[in-house]
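Peer 1: The residues making up each chain are set out below.
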Amino acid sequence: MELTTLWFALIAVLWIGYFVLEGFDFGVGILLHVIGRNEPERRAMIRTIGPVWDGNEVWVLVAGGATFAAFPEWYATLFSGFYLALFLILVALILRGIGIEYRNKRGDLAWRGRMDILIAVGSFLPALLWGVAFANIVAGVPIDADKEFQGSLLTLLNPFGLLGGLTTLLLFVTHGLLFLTLKTEGEIRERARGLTLPVGLVTAVVAVVFLLWANAIRGDLLSLAVALVAAVAFLGALLAARLRKEGWAFFGSALTIGLAVVSLFLALFPDVMPSSLNPDWSLTTTNAASTPYTLTIMTIVAVIFVPVVLIYQVWTYYIFRKRVTVPRASVEA
Amino acid sequence: MLARWQFGITTVYHFLFVPLTIGLAFSVAGFQTAWYRTGKEGYLRLTRFFGELFLINFALGLVTGIVQEFQFGMNWSSYSRFVGDIFGAPLAVEGLLAFFLESTFLGLWIFGWGRLSRGLHLATIWIAAIGTMLSAYFILAANSWMQHPVGYVYNPVTGRAELTDFIALLTNSTTLITFPHTMAAAFMTTGAFLAGIAMYRMLKDRDRPDAAGPFRAAAKAGAVMLLVSGLLVALTGDMQGKIMTDQQPMKMAAAEALWETEQPASFSILTIGSLDGSKDVFSIRLPYLLSFLATGDFNGKVEGINDLQKIQEAKFGPGDYTPNTAVTYWTFRLMIGMGALAAAAAAWFLLRMRKGRTPAGRTVLVATLLPFLPLAANSFAWMFTEIGRQPWIVFGLMPTAAGVSPTNDTLVVLVTMVGFTVLYGVLAVVMLGLVIRRVRAGLPEATSDRGFEHEAEPALGLGY
Chain A
0 MELTTLWFAL IAVLWIGYFV LEGFDFGVGI LLHVIGRNEP ERRAMIRTIG
50 PVWDGNEVWV LVAGGATFAA FPEWYATLFS GFYLALFLIL VALILRGIGI
100 EYRNKRGDLA WRGRMDILIA VGSFLPALLW GVAFANIVAG VPIDADKEFQ
150 GSLLTLLNPF GLLGGLTTLL LFVTHGLLFL TLKTEGEIRE RARGLTLPVG
200 LVTAVVAVVF LLWANAIRGD LLSLAVALVA AVAFLGALLA ARLRKEGWAF
250 FGSALTIGLA VVSLFLALFP DVMPSSLNPD WSLTTTNAAS TPYTLTIMTI
300 VAVIFVPVVL IYQVWTYYIF RKRVTVPRAS VEA
Chain B
0 MLARWQFGIT TVYHFLFVPL TIGLAFSVAG FQTAWYRTGK EGYLRLTRFF
50 GELFLINFAL GLVTGIVQEF QFGMNWSSYS RFVGDIFGAP LAVEGLLAFF
100 LESTFLGLWI FGWGRLSRGL HLATIWIAAI GTMLSAYFIL AANSWMQHPV
150 GYVYNPVTGR AELTDFIALL TNSTTLITFP HTMAAAFMTT GAFLAGIAMY
200 RMLKDRDRPD AAGPFRAAAK AGAVMLLVSG LLVALTGDMQ GKIMTDQQPM
250 KMAAAEALWE TEQPASFSIL TIGSLDGSKD VFSIRLPYLL SFLATGDFNG
300 KVEGINDLQK IQEAKFGPGD YTPNTAVTYW TFRLMIGMGA LAAAAAAWFL
350 LRMRKGRTPA GRTVLVATLL PFLPLAANSF AWMFTEIGRQ PWIVFGLMPT
400 AAGVSPTNDT LVVLVTMVGF TVLYGVLAVV MLGLVIRRVR AGLPEATSDR
450 GFEHEAEPAL GLGY
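Chains A and B supply the protein sequences, listed in that same order.
Quick note, in numbering that gives the first Met the number 0, the first sequence goes up one by one and the last residue is 332.
Quick note, in numbering that gives the first Met the number 0, the second sequence goes up one by one and the last residue is 463.
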């Protein structure tokens with residue numbers, strides 16, 4: 000395999016890691032006020048993601064850094080082009096991180112209430128905007144002969160882009176519901192379970208329309224087939240949830256998100272950022288890539304350290320495998 | 000211009016938290032190790048106390064760090080295209096090796112109290128601390144490449160700089176000296192933080208021996224850390240100065256506002272007057288010293304700005320190759336001055352604490368101000384080294400003006416710059432408020448079986 004193709008695949012892997020992992024903690028954040036009826040319940044919800052959310056978020060930092068290293072032109076065009084959208088995502092991630100980390104630093108409920116709002120808003124915005132961004136990457140954006148993006152935030156807010164945003168938003172909410180069902184007890188678990196099917200079915204419809212549309216714009220039999228497998232995995236997840244196979248249900252939604260990313264990346268290949276102005280101006284895995292030397296160095300580093308990271312992150316989830324309960328002392332108080 | 004301000008503001012702000020994160024990670028690990036080995040409750044309580052402060056600080060370093068990873072592409076896309084083949088690699092490696100380590104193991108540390116065995120739990124904070132250090136190395140390697148590009152060729156076909164030797168990039172002479180300098184500065188910053196806060200608490204808790212005792216130990220440890228690392232900062236800074244004179248003579252000349260070449264050159268302690276070199280109203284100068292600082296020889300020749308400007312014009316074509324001399328001159332002095340002041344305060348603390356003595360109450364004021372001195376010194380240091388490199392973004396290779404994103408709308412950059420500045424300002428107030436709250440609350444109880452998530456339980460009887 001070409002090194003550039005390998006790195007295209009590796010970047011897909013990093014985004015899969017990001018969306019599968021941060022997806023559920025976005026979902027938990029968005030659902031904070033929907034499922035958590037009071038402070039102790041919301042605290043219990045935050046505690047399900049507390050030990051892991053930061054490690055989850057690093058996946059996007061590494062995806063960004065790896066894109067910079069392996070495809071500098073992609074990094075430059077994407078982040079300067081999607082400027083305001085990215086700014087909004089960054090602000091949201093800042094507020095959310097502060098909300099999660101500072102929430103327990105003061106005991107008063109007003110403080111915690113404000114932090115909860117930061118968490119909810121800070122989870123909602125990126126869950127929506129990452130979808131908008133990816134939909135636009137797949138559909139193609141106005142890129143000129145100098146590889147520069149000619150557009151604005153409004154360019155991205157087209158129907159297909161918004162549908163992409165809605166898709167990631169709903170997928171992450173469902174993913175979050177399944178995570179909460181798996182990681183909590185009592186009323187939170189029951190409420191999350193109750194919402195899974197109605198939210199899940201709407202998600203299924205939106206996601207299938209989006210993936211079909213994406214494959215209609217750009218895609219081949221393979222990317223379409225993967226999209227269909229993703230849809231099947233999602234229905235399997237909903238079925239498992241109904242049968243109270245909570246682990247399988249969560250695995251199913253994780254698989255769905257992963258396969259959806261695979262489908263989009265397959266549809267893109269060999270482009271990384273197609274131009275809507277002229278196909279000759281598209282950024283591809285070859286014209287956006289670094290030198291073979293840099294890619295070789297990066298490959299060696301990745302082959303050694305990505306498995307190491309996976310091992311200790313999996314171990315973390317194992318350590319915190321126990322369900323989180325609503326702190327009873329506080330409820331009685 | 001706006002892009003520069005945005006990068007300057009977000010980066011200097013980010014770096015307010017970075018040195019404390021590095022130093023506190025190791026300090027908290029140190030306290031926890033002391034508890035692990037001696038079983039003394041005081042160390043556990045210090046671990047929890049400074050652990051909380053560490054986490055409050057870490058959160059801001061973390062969230063502002065996300066911006067750093069993306070803003071090269073957002074505001075500096077031409078720079079990213081030109082250097083991505085080289086500059087991207089250390090950034091990606093930093094994420095893969097360091098960020099994952101820090102974030103995952105800190106999560107384990109925060110929530111792992113009572114859930115992991117004591118030894119394993121202790122290991123998590125050490126691993127996180129090592130992660131912060133690795134992160135510093137790779138990002139400084141990236142920055143050092145901008146100061147002193149090595150291990151690359153310019154490829155005229157692709158029109159960009161391309162990496163030829165990754166090992167050379169990682170062992171850049173600039174990196175090898177900047178890393179110890181920055182690490183020493185991080186420990187100096189942390190020493191001031193520990194000494195200042197522990198001294199403050201020790202004086203407040205003077206009637207409570209169970210709290211005053213541990214704080215006395217922490218104040219001493221902080222003051223010693225500050226002095227020792229301060230010495231290392233000075234030593235490494237001196238070596239860095241010589242390398243800088245060699246690699247970027249213009250920066251050294253600007254730091255000294257040395258317009259004409261001198262041999263031997265005198266060091267200006269402070270100058271009141273105009274820095275454009277035309278007249279000094281008042282100036283204190285030490286003969287021979289600059290020669291020694293720059294070259295290691297008291298009679299060494301130090302080239303002046305005017306000569307260097309001519310040399311660069313001959314090399315790179317007409318243009319202004321002189322950085323803002325006033326800013327470079329004063330940030331250099333403020334960096335050294337603030338650092339020296341902090342070291343003096345630490346020495347004074349130790350003097351007043353010798354043989355079990357407790358300093359007078361007015362020491363509280365010094366203790367309160369002390370943590371801010373190295374923070375200011377760090378900020379001035381970055382301003383100095385970055386502004387002193389101007390007009391280059393990559394020294395001798397790419398002018399800063401050529402690095403900005405060509406398509407960004409000025410208004411949009413202004414909006415995001417104001418947005419980040421306001422947001423960061425609010426966060427600074429919130430963070431400082433939390434630190435003050437925590438410091439006022441004093442030493443927590445000795446609990447080792449509960450994570451930090453329980454640290455501040457809601458007050459009872461709030462009705463739910």
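It should be emphasised that the hints constitute simulated quantities derived from the structure, not laboratory data.
Worth double-checking, as some hints may not be accurate.
To be verified - If you want a taste of the chain A side facing chain B, the calculated C-beta under 8 Å gives, among others:
1) Gly64
2) Ile93
3) Pro158
4) Leu162
Just so you know, these numbers come straight off a predicted model, no measurement behind them.
Beta carbons: idealized from backbone N, C-alpha and C, even for Gly.
Peer 1: The structure should be examined with respect to each hint, and the outcome stated for every one.
Peer 2: Each hint tested on the structure:
1. Gly64: It holds, given that the least Cβ distance between Gly64(A) and chain B is near 4 Å, below 8 Å.
2. Ile93: Holds: closest Cβ of chain B sits about 4 Å from Ile93(A), inside 8 Å.
3. Pro158: violated (24 Å)
4. Leu162: Hint violated; Leu162(A) Cβ to chain B Cβ min 25 Å, cut 8 Å.
Violated hints for the displayed structure, listed by number in ascending order: 3, 4.
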